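Listed below, chain by chain, are the residues.
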Amino acid sequence: QAVSDKALGSLMLLVASVVFVYYTTWALVLPFLPPDNAVHQYFLPREWAVRIPALILLLGLSAVGAFVSTVMIREGRKR
Amino acid sequence: MTRATTFFSAFGILSGIYFAFFNADLPEKFQLIIPVFAPARDFYNSAQHRTVHRYVQLPWWTLVSFGSYALWTLGWAMLSIRECPEAYDELTKFVAFKKRPACIWHSQRELEDLLHIQHFVRQILPELTFHR
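Those protein sequences? They're chains A and B, same order as listed. Residue 53 in my numbering sits at position 53 of the first sequence, with consecutive numbering throughout. Positions in the second sequence are counted from 1; adding 79 to them yields my numbering.
Hint data in this document are derived by calculation from the structure and do not stem from the laboratory. If a hint is listed, it holds; no wrong ones were tucked in.
Partial pick of chain B residues on the chain A-facing surface, computed with a CB cut under 7 angstroms: (1) Trp140; (2) Leu142; (3) Ser144; (4) Ser147; (5) Leu150; (6) Leu153; (7) Met157.
Some chain B residues near chain A, calculated using beta-carbon distances under 10 angstroms: (8) Thr152; (9) Ser159; (10) Glu162.
Footprint (simulated), chain B over chain A, 3 or more residues, beta carbon under 8 angstroms: (11) 10-24; (12) 53-64.
None of the values given here were measured: they were computed from a predicted structure. Where a beta carbon is used, it is the ideal one built from N, C-alpha and C, also for glycine.
Assemble the whole structure, with the sequences as input and the hints as a guide.
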């Protein structure tokens with residue numbers, strides 16, 4: 001057991017908090033700030049705030065579908 | 080009302096409200112005051128008022144926040160659940176005890192009986208009798 005449970009759990013916590021805070025400011029706070037604000041340089045252009053979750057969702061669904069299909073093929077071949 | 084009914088009715092009401100505001104042409108003051116609603120256009124770029132760049136943020140934001148909440152719950156559970164070392168010790172002792180050979184030499188069985196009797200005499204019998 002290379003990585004302890006606590007280390008992995010705290011890493012997941014950190015990643016979840018960072019993702020949530022970053023995405024919330026990016027999607028909901030930034031449009032209300034004037035465009036000459038210095039904060040905007042830390043974020044990608046805002047169409048990516050929609051494209052990245054859409055890509056992740058697409059990849060996730062296709063991975064789930066591929067897994068289900070391989071399982072079904074294997075079951076069919078066993079019979 | 081079942082939980083599915085309440086869930087889907089709440090979902091339907093919220094999405095109805097969202098879609099009602101989605102196509103409404105609110106004056107700019109209200110678009111800033113109403114809590115952050117899928118800014119359909121960037122407010123400081125007047126050129127975009129013509130072309131409707133609908134970066135529909137709120138549904139994607141709920142999806143991302145749900146994913147991060149799920150990850151947070153997993154991480155928190157992994158951090159806060161104890162390992163129970165005493166239960167582990169007891170279980171290993173129990174397993175070792177059960178693993179002992181079923182048919183053992185007579186003398187070893189007598190030895191085990193003597194050990195049980197000794198344990199009984201030393202620890203259980205004084206508590207059963209009442210003299211102090």
